[in-house]
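Quick note, the sequences are listed as chains Z and F, same order. Residues in the first sequence are numbered from 1 upward in steps of one, following the working numbering. Residues in the second sequence are numbered from 103 upward in steps of one, following the working numbering.
Do not take every clue at face value.
Derived DSBU-like pairs: lysine-lysine, alpha-carbon spacing no greater than 35 Å straight-line [stated by the list, open to error]:
hint, chain 1, residue 1, chain 2, residue 2
1, Z, LYS25, F, LYS749
2, F, LYS749, Z, LYS85
3, F, LYS511, F, LYS597
4, F, LYS421, F, LYS511
5, F, LYS128, F, LYS281
6, F, LYS676, F, LYS597
7, F, LYS719, F, LYS694
8, Z, LYS88, F, LYS749
Just so you know, the hints here were simulated from the structure itself, not pulled from any lab data.
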Amino acid sequence: MIPIEYFLILGAILFAIGAYGVLTKSNAIVVLMCIELMLNAANINFVAFGAFNDDIIGQAFVVMTISVAAAEVAVGIAILLNAYKMRKTTDLDDAELTSMRW
Amino acid sequence: MFIEYTWLVPLIPMLCFLIIGLVGRKTPEKGGYIAIAGALLSFIIAALIAYEYLTGDAYPNPVTEQIAWFQIGDITLNLGYYVDGLTCMMMLFSSFISTLIFVYSIGYMGDQGPRKTRYYAEVSLFLTGMLGLIVSSNFLEMFIFWEVMGLCSYLLIGFWSFRHPEGDAASANAASAAKKAFLVTRLGDVCLMAGLFVLLGEFHSLHSLDYVTLFDPSSIAAADPEMLSLGMLLVFGGVIGKSAQFPLHDWLPDAMAGPTTVSSLIHAATMVKAGVYLTARAYPLFIQNADVMLFVGIIGGVTAFIAATMALNNMNIKKVLAYSTISQLGYMILALGAGGYLVALGMDMGGAEGSALVAAGVAGYTAGCFHMMNHAFFKALLFMCSGSVIHAVGTEDMREMGGLHKHMKITSITMLLGSLSIAGFPLFSGFWSKDLVLEIAMEAGSDGTVWFTVLWILAVITAFMTAFYMFRMWFMTFMGEEGHASQHCHGESPKTMTVPLMILSVFAVLSGFFIMFGLDAMVSFNVTDTAFIVGGGHSEGFYYFEELFTNPYTYLTIVLALLGIGIAYLMYVKKTVDPGRFNRNGESWLYKALSKRWWFPDMYNQISWKFGYGIAKGVNYVDRQVIDGTVNGLSGAVVGGGDAVSKMQTGHVQDYSSVILLGVAILSVAMVAIAMFFGGM
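The following block holds chain Z by itself, in its conformation from the complex (with noise of 0.2 Å):
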């Protein structure tokens, strides 16, 4: 069976990953992907937690997690992409985009 630390060093890596994204990159939709990333970072350390400990509720929050992320996905294209529509860029530095904070 492959230990567990394995699984949490997958997800660690992917966390990270997706954090140095999320910080780094000023593409929104980059960005928007690398918080999917994290997201499924986390399912993979549920999943590998339910596994171990035999228990189903890990599976669950996952199942909850993927819809929820999928909301998300879904309103943050829309609002990007009528951003996009609005102002012709996707960059967060850009002052196009961040103009329109207030």
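Based on these hints, arrange chain F on the given structure of chain Z.
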């Protein structure tokens, strides 16, 4: 029945002030008649009060009545009146002379147009100040009126501080003279206020500043003598400022920048008399310490001498009179100091010898007050005469006058009478009081300390100088060749000016005889075990006449006065003695020192620039740098901190999320560390 209405005496001029201030412009003579009526009414009421008091049953005990004004803690401060012999004398001559001065103003200020309203309103307020000071029943009330006078003197000295008839330089001069008068007397007023605080602290068990309570021998005995002396020295500081005593005398000559009528008012009826009055009023407290009285006497004697020297070579007719006022005020203070010194010694000594000293000393009180009254008459007269001269020739410089006698006979003769009086010519009023002052100074010298002998010598020299400079002034103005201003003389002044002169000259000649008809009893000072009482003494009648004319020193002063007049005659009429020989035509050191007023103005300037300005700069520094610095620094820190912190709000989601991530990371590390530390993993 009149004494109950004593409060009307200061109130009537106060009402005049308000009426003139509000509607004076619409009345004839711009309020002048209202001011005269008010002063005259005050005089009549004062005369009725004096008559009733002096013939009443209460005499010589003071009559006082007060209403509570306000309370601080358990100290009650009152408003009220206090009538005794001194009050009566002061009320009478102040209101009488003021009435005459106001009448004279109708002529003298006649050409001033709408500004007359301001003039009459301010002189009425001035009279309120003086009369209020005189009838006050406690030190605080007295102090309020004292300050009212300070304000009025400022306003009136600076009356021509704008649109001066002689141009802008004269306006600036008037403004700075007013400021100087105000600030220099202010120095004294601060001392006086400190003195009142000391008195209030010392008599705190009495909870009041009322004269009746404070002058009670039992309450004086309960007070700490050293603190009492300190308090009285501080109070005397106020007198030094107000009565222009050395070393704060220098404001008075500058105050000549005001109209001559104002000078007359300040010098004769009000203002500078207030200081002497306060000394006489607080006499029961002053005489508790002989050293305090010695100090008072020294200040008086030195002032009399120094001021007389400065009058010797002055060319301005009004300034000569101003110096003579300072000098005469010095005589009054000297008399009060010398008499009080003897009383204080006598009270310490006790027994028969002590009461003999006390009896000798109280004559000083009478002499001082008597000289104050006589001086009021002849100085008002002299100033109004000089005003009449200035009115006619349009200059104050005596070198441009001369030969005016034939142009203005009334002014000339009345001024001659005033000059004879102040010079101490026998039987004129100044003669009586001045020789009493000299006599008491000598007595204090022989029975007390040698200091008073020195002061007596100074005072005798002053008497000589007084005779000289007064007649120098009179000869330069009315005798000799006509100066170029005299040639444009308008002739004698109008009746409104000459009639007051004639009335006053009668008093200047005869007021000395009052002392033989009961005045000495009215302003005598009686020391008993149970009370200090002004008035009610035994009138000596013609004793003074006998006393003065059997005293060889009286003849000495008469001879010196005649000598002074003679020298002035030789120098300025016969021209056989050239004054230039004595001062090397204005080149000698002494002449320069006198022209520079013994460097007192320079000293004032130095002190105020080096010391006052230094302190002001220091205070300014503390205010701007330390106090403002703290406040500004605090607000600056808050604003700057806010600015710095607001930089963290970049508006970039990524920055916020990095902070969150960092926080989470720190939290997790901390949790692991805590778990390892406590959990023993």
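To see whether the hints hold, each was checked on the structure:
| no. | hint | in the structure |
| --- | --- | --- |
| 1 | Z:LYS25 - F:LYS749 | holds, 21 Å |
| 2 | F:LYS749 - Z:LYS85 | holds, 31 Å |
| 3 | F:LYS511 - F:LYS597 | holds, 13 Å |
| 4 | F:LYS421 - F:LYS511 | holds, 23 Å |
| 5 | F:LYS128 - F:LYS281 | holds, 31 Å |
| 6 | F:LYS676 - F:LYS597 | holds, 33 Å |
| 7 | F:LYS719 - F:LYS694 | holds, 34 Å |
| 8 | Z:LYS88 - F:LYS749 | holds, 28 Å |
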